[in-house]
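**Student:** This is what each chain is made of:
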Amino acid sequence: MTRLIIESAVLSGLALAGLMIAAGANAYVVQLLFSTALAVTLAVGWNLIGGMAGYVSFGQVGFFGLGAYAGALAMLKWALPWPLAIVLAACLAAFLAWPLGRIMLRLSGIFFALGMFGLARVLQIIVNALEITGGPMGTSIPTAEGPGATAMAMVALATGAVALMMAISRSRFGLRLAALRDDAIAAAAAGVDTSRVKVAAFCLSAGLAAAAGALYARNVGYIDPASGFAGTIELQTVLMVLAGGIGTVWGPVLGGIVISLLSTALWARFPTEQQIILGALTLLLAVAMPGGLASIPPLSTWLRRPMLGAFTPGAATPAPAPAAVAADHAGAVLACRGLGKRFGGVVAVAGVDLAVAPGEILAVIGPNGAGKSTLFDMISAFSAPTSGEIRFRGALCAAMPPHLLARAGIARTFQTSRLFPHLTVFETVLLAAASRQHRFRDAQQAASALLAATDLADDAERFPDALPPGRQRLLEIARALALAPAVLLLDEAMAGMTAAEIARVHAVLRAATRRGTAIVAIEHVLPAIASLAARAQVLDNGQTIAEGPPAQVLSDPMVIEAYLGGDEMALAS
Amino acid sequence: MVSIIALVLLGLLWGGVYLLMAEGLNLIYGVMKVVNLAHGDLIVLGGLLAYTLFAHVGLTPITALLPVALVLFALGAAVQWGILERIPLGGAEGELRTLLATFGLSYVVSNTSFLLWGGQFQSIPFLQGALRLGPLAIPEGLLACSLAAFAAALLVHFWLHRTIAGKALRATAESPLGAASCGLEIRRIRIIAFALGAAMAGGAGALVIALVPFQISSGGDLTVQSFTLIALGGLGNYLGAWIAAEILGLAEVLSQYYLGPDIASATIYLLFIAVLLFRPQGLLGRLGRI
Chain A
1 MTRLIIESAV LSGLALAGLM IAAGANAYVV QLLFSTALAV TLAVGWNLIG GMAGYVSFGQ
61 VGFFGLGAYA GALAMLKWAL PWPLAIVLAA CLAAFLAWPL GRIMLRLSGI FFALGMFGLA
121 RVLQIIVNAL EITGGPMGTS IPTAEGPGAT AMAMVALATG AVALMMAISR SRFGLRLAAL
181 RDDAIAAAAA GVDTSRVKVA AFCLSAGLAA AAGALYARNV GYIDPASGFA GTIELQTVLM
241 VLAGGIGTVW GPVLGGIVIS LLSTALWARF PTEQQIILGA LTLLLAVAMP GGLASIPPLS
301 TWLRRPMLGA FTPGAATPAP APAAVAADHA GAVLACRGLG KRFGGVVAVA GVDLAVAPGE
361 ILAVIGPNGA GKSTLFDMIS AFSAPTSGEI RFRGALCAAM PPHLLARAGI ARTFQTSRLF
421 PHLTVFETVL LAAASRQHRF RDAQQAASAL LAATDLADDA ERFPDALPPG RQRLLEIARA
481 LALAPAVLLL DEAMAGMTAA EIARVHAVLR AATRRGTAIV AIEHVLPAIA SLAARAQVLD
541 NGQTIAEGPP AQVLSDPMVI EAYLGGDEMA LAS
Chain B
1 MVSIIALVLL GLLWGGVYLL MAEGLNLIYG VMKVVNLAHG DLIVLGGLLA YTLFAHVGLT
61 PITALLPVAL VLFALGAAVQ WGILERIPLG GAEGELRTLL ATFGLSYVVS NTSFLLWGGQ
121 FQSIPFLQGA LRLGPLAIPE GLLACSLAAF AAALLVHFWL HRTIAGKALR ATAESPLGAA
181 SCGLEIRRIR IIAFALGAAM AGGAGALVIA LVPFQISSGG DLTVQSFTLI ALGGLGNYLG
241 AWIAAEILGL AEVLSQYYLG PDIASATIYL LFIAVLLFRP QGLLGRLGRI
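First to last, the protein sequences are chains A and B. 1 is the number of the first residue of the first sequence in this note's numbering; add one for each residue after it. 1 is the number of the first residue of the second sequence in this note's numbering; add one for each residue after it.
What the hints contain is simulated information worked out from the structure, not anything from laboratory work. Think of the CB as a built atom: it goes at the ideal place given N, C-alpha and C, for glycine as much as any other residue. Among the hints, erroneous ones may be present.
[Claimed, not checked] Far from chain A, some chain B residues (derived; all Cβ distances over 10 Å):
{"id": "1", "residue": "Leu70"}
{"id": "2", "residue": "Ala74"}
{"id": "3", "residue": "Cys182"}
[What the hints assert, rightly or not] If you want the footprint, here are the derived chain B segments under chain A, 3+ residues with CB under 8 Å:
{"id": "4", "region": "96-103"}
{"id": "5", "region": "212-224"}
Turn these sequences into a full structure, and let the hints steer you where they fit.
**Tutor:** Put into structure tokens, the structure is as follows:
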């Protein structure tokens, strides 16, 4: 809380200083202020998609140019008052960014980065070819009042952008962004609509860049394709974020101020070498100081992402009960029929039937490569079956995306832990709880209660890499349970656990089944789950080879053959 | 009819130059799983070096190929050894940092070129005549450059597949850890790969400047063009890269002719985005690997 007050005070101070300079200083200083505030806005906007969401873009200047032209044309052709034109430009860019984001954000890494570069170039080519934009010669915009008014507006925009980031970093949306950046698959398994989250970040980021562009056009009173889509803007934006601290709230502000002043000074002294120096600086930072200024010791603790909520001991609500578990007429909550998956010529799963009733624990065992994890991937919608059907509560759940399935009540863990390196234990569980709970405060209560129940409360503020492997797996189970699932899929969840940890997990799982949760547990070997499961199903080569009570299954000759390699002569001799 | 045949021929010849441009990028991507964003600027640099060699020494683009490639080889080795090697590889973090580093490098290279050569368009007048085949006229310069590009691309292909050093490089591309456990010196191989990639960029630049005038700011476009090609061809797939180069050459020439230069310059980006969305595994996918 105190941190929020300090941050708000710093932001208000900066904004106030900016406004006073804009009102009183001479024209040169006001222009300097304008370009600094512009830099901060661009850096903060780029950081939202490139840093917080983890989608580095080399085409952010496309939205800047789009905003500049949209604003200019709204002022010229429709004679809109300039503040309104700027809002319109921002809305237009955010609106266009929605379908663009749906398409482009299916890409990632270098593909997204260069795809965005390409998109910006296409926009530039279009603007260059159109008549209404003035073609390659550009368009002039009448500026009536002095630079003070636009500088004030720019300072206000930058302040608003930073305030927005402060709010996002403390919200459910910010938590989801952080999870998305760390591991999109695990985030989906925790019920996060990853596509929606990143598209929303993309739209906000585009809107900020466009508003900055429109104000820029208003300030210089002139816009042409070369200045609206200048590579320099892209370079400086990326450099500012990198220099300040990528992915942090205040890094881009710091980087924006420092780099903007630096590049103005360079421009005055070395106009021809300026870009070489800025490029070299980018290179140097990427190699030597990728965390930017925000990674330097005193700053690194001040500028760290604020932690969301805290464990409250004795939280009133118990772990939430699963949504009323409805079974189909055969009594199963989850029923798979003839489920199959082939990868090219390889058949991983060949027609598996599987059914589990509310409150039941089913063990799925089998040797390596039997198709167990592929089966889970299909049930949790991370891969589409090539044959067969899956019914959840009697209804077909084909074509349901993983996050919806997770919210509907099928939760899973992963064979190799997929935890979020930058989320604390509490935040990890909170993320999943917030997918279910409508109110964020309820989600915090639920997360606290679950941490207490799973014995993770002492580690609430730790990051996953500080936990021993057994507790990491326990955290993954807690994250799945936070979804209050009707069906819990555990993929070798107890591998690498100590006996005490296994006992703890067993208690947690028993409590879940008492509330009606059905559990399907994959284990490579049976003992880890035998004492718990009423029924075991053995897979080999993608098919069910035995089914029944664990003790009976273990003595089945086919099961022994599957595990021992089936060379009976060798066994006999 | 004749004009269509001429255009197709033109497109196919251009494909050779595209292939040489992209193979350098492909090599670097293959070994380091990172796109060198300065690639296009290295192409421009190679072209301008060839221009200087032509203007002051009188070398033709073909004879300038080797010296230009050698200079770029040295430059590439220096960049990899002095800069990129310092970034620990692996994971999204390493990829991001290398990407940002080459992004910065691209501005360093292009603006240094700007200081040395200025911003105006440069070109080399070379073999201005045309070869007449019945009603068809094929520009001699394009023919020579295309053949040189094909020869250079083939030479590198041969080196990669038939020599121990080339195989070591490909092994590193497939699995650095596996290659290291076979006793290969990964660091040296990465330096050679980057240097060779830069050399091919420079060689391609020397040829392209004889065909179309160059400008400093063409670098970004050339990077995307080359990247489109390797994405279209399927990363690390040489037959695919060749087919993609021909498709790109045809698309460029045909859209220039029928749609005009404005739309033609947008075509490449639209093609690029379409490829990424609909054929992310490339044209031939896993099938046509040779």
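**Student:** Each hint: holds or not?
**Tutor:** So, going through the hints one by one against the coordinates:
1. Leu70: The assertion about Leu70/B holds, with a minimum of 24 Å to chain A.
2. Ala74: Answer for Ala74/B: holds, closest chain A Cβ roughly 18 Å.
3. Cys182: holds, 26 Å
4. 96-103: Contact hint for the region 96-103 of chain B vs chain A: holds, 7 residues under 8 Å.
5. 212-224: holds (count 5)
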